[in-house]
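2 protein chains.
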Amino acid sequence: MKRYVLAAVLASAISVVPAHAQFAKVEDAVDYRQGAFSVMSYHFGQINRALKGEIPFTAESVSANANLVATLAKLPWIAFPAGSTANSHAKPEIWKDPEKFKQLQEKLVAQTDKLATIAKEGDQAVIKSAFGDTAKVCKECHDTFRSKH
Amino acid sequence: MKRYVLAAVLASAISVVPAHAQFAKVEDAVDYRQGAFSVMSYHFGQINRALKGEIPFTAESVSANANLVATLAKLPWIAFPAGSTANSHAKPEIWKDPEKFKQLQEKLVAQTDKLATIAKEGDQAVIKSAFGDTAKVCKECHDTFRSKH
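These protein sequence lines are chains A and R, in that order.
For the first sequence, the positions run 239 to 387 when this note's numbering is used.
For the second sequence, the positions run 239 to 387 when this note's numbering is used.
Hints were generated in silico from the structure; no laboratory data involved.
Any copy, or any two copies together, can satisfy a pair, since identical chains are not distinguished.
Result set (BS3-like, lysine-lysine): computed pairs, CA atoms no more than 27 Å apart in a straight line:
| # | residue 1 | residue 2 |
| --- | --- | --- |
| 1 | K290 | K263 |
| 2 | K263 | K386 |
| 3 | K386 | K374 |
| 4 | K366 | K263 |
| 5 | K374 | K263 |
| 6 | K290 | K377 |
| 7 | K374 | K329 |
| 8 | K329 | K377 |
| 9 | K340 | K329 |
Generate the whole structure from the sequences, applying the supplied hints.
What follows is the structure in structure tokens.
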């Protein structure tokens, strides 16, 4: 039952992003996905800064940031045309193991939706734990599919 | 009354973006705002392509794109630290006339929220008109505050 619900949530979450991706040039796709990652990364970082007390921790603000992270986490995946590694951290492994890449996308979407749901409640310890779980999903994908240089 | 409602909607829309912007470097701010504009521009373009019949027009897909445009339209404005024109289309006029710049931000936020509301209804002619009105707001700001080179 739990797996069924998760699958339904995932299907619904991913379906909000229209499937007809149209990028005139490969560079436009790279620009789009880097843009989505940049904005997501900033708002994810803001949650971290609130948890560390560098900026005020308010349920409203953390929840707004987590909602943005969850929205943005669904976007970049339409923008990985085959072999688009130029001016990018994308590793060729993305197109060698598309199943694994897709599995990690779905994991991120599920985890960021969970973080957004938890953030609404405003419990700092619970948010911290969900934040850590989300950071692990980022790292898991970066370790395999993102070059450091 | 109408003006009061509009002001309340605007205040509520803009307040979802946490006010504590923290960018370690000016380049990070430029990267963030350019990212937000890139992603917004892509989804705005997808509405145009659906209206022109280049991709299927479905209320669900146009509405998803319009929701993303409305979400993203609220973001870039925290990322204009004074004088940050390097590697950017931003013109110095942004910091010479901050009131006008802010007024156009609010106009865009109001108009993209309107487009998102209209898109839900799925009436192609009404969406086309709201799309055109939104494009005019983009242009109005670009003409004054964005360099072409």
